[in-house]
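Peer 1: Sequence:
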Amino acid sequence: EGLGGEFVGNNEYGGFTPYFDSLIDEGLYWENFVSTTGRTFGVLPSILGSLPFGEQGFLEQQKIPSHITLPSILKANGYTTSFYSGDKSSFDKKINFLEFNNIDEVIDEDKFEEGYTKTAEDERGFSWGYPDEEIFRKTLSVLKTKEGPRLDIIMTISNHEPFTFPNKNNYLTKVDSILNVKKLGTVLNEEIKTHSEIFASLLYTDNAIKNFITEYKKRPDYENTIFVITGDHRLIPMVQKDRLCRFHVPFLIYSPLLNKAEKFKSVSSHFDVTPSLLALLMNKYNFIKLDNVPWISSGLDTAKQFRNIHKIPLMRYKGNINDYIYEDYLYSDGSLYKINENFGILKVIERELENTIVDSLKMFKKLNNYTTTKNKIFPVNDNIYMNPGVEFSEEELKIIKEITKGLNSDQTFILARDKAFKKEYKNAQLLCDYILNENPNHADARTLKGRVLAWGGKFKESEKIEKVKIRKFLI
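The sequence shown begins at 1269 in my numbering and counts up by one.
Just so you know, the hints here were simulated from the structure itself, not pulled from any lab data. Zero decoy hints are in this set.
Straight-line C-alpha distance at most 30 Å; calculated DSSO-like pairs for lysine-lysine:
(1) Lys1486 / Lys1436
(2) Lys1732 / Lys1379
(3) Lys1669 / Lys1642
(4) Lys1669 / Lys1732
(5) Lys1356 / Lys1414
(6) Lys1572 / Lys1606
Full structure from sequences and hints, please.
Peer 2: As structure tokens, this is what we get:
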């Protein structure tokens, strides 16, 4: 969460992620890497599926189009797939995306038992859930039960306002110690002091990653593990130096399997992660081959010199595709900027080139709209990877709309339960399916659906629901 490129290595605000910086010297590191969205809402579809945005973000679509992803393809090839976070997986509809892609296990805020400490609430009574150290500790405990090939996706959260995390005062003291050693200029020194909570949170998360990998190294499967670390976007509260830095994030691949470390100045993005990882696995192992792939981009560029071979659309916030990287230029809100090899930008006027870039962006927007609204990302009939929600007929949608008007999920559940008790099983199941389409984590709705099916004599379907419930909510 919030890990921007400026905050690592020798960059302007560097020095507060010492462990991550040490991994740079041991791994494959892309210096000029970009997130595809300015907020977290786009990180899973982009990194795991190289997917278009839709109108408001891929996960905000009323009906998710047929697609394939790294998790769904790995699962079809015998991998166990898991997602770990300390907040609620329903936030930004992450759970809907994960369920669609047949994720085996989701560990979120509701799956932490006693012995784990939640982030303290702020003065408004708000908490993001469990802090990063607890997320990694929970992950390690779950991994003790895992065997065979795995994909584990871990999303941290502590580097986010209100920047509340354990032992905060100790990390604030460390910030002061680092500033005393670094001897920065007055302006930069004061800026860091003003935002000391942010830099303390960076130290906290960096230490959590260090503890996690240190413990993971004790496992026998460490020697066969690939770690991929990136930021979802550059954190928001600090003033951004330009229009590009919000998207500038680090990207690192670290593994004991690597023959040597390398650094790349070429530009790549979150869109390129899944295409490259799957190409690697499919070329080296006995994977189900994909004759055609729907990726937005072609894969990570491993050129060591500064260049950009990709066309990278960027959604700064939901509903806004006004930023576009084309060759070594950034087009943003109607202005053109030249990108230099240090990933800074300078406003320029080159009308002919600007027209070319504008046309290219328009073409992407048309493609983005067509593929998402017309369900043209990946053929439904060829998709053995997805777990779509229940499809409703027009008549069923009419019934749902009439009886759920003004009701939230919990109120709709109470209505479904009342109908079940009155033996109106068809409408009770319809409402349960409606709830689960919107919120697959609604345990009560899933339980009620299983019971309704059993009460209606559909015992095999009920048993299937119960098995899913046990896997998702009780294990």
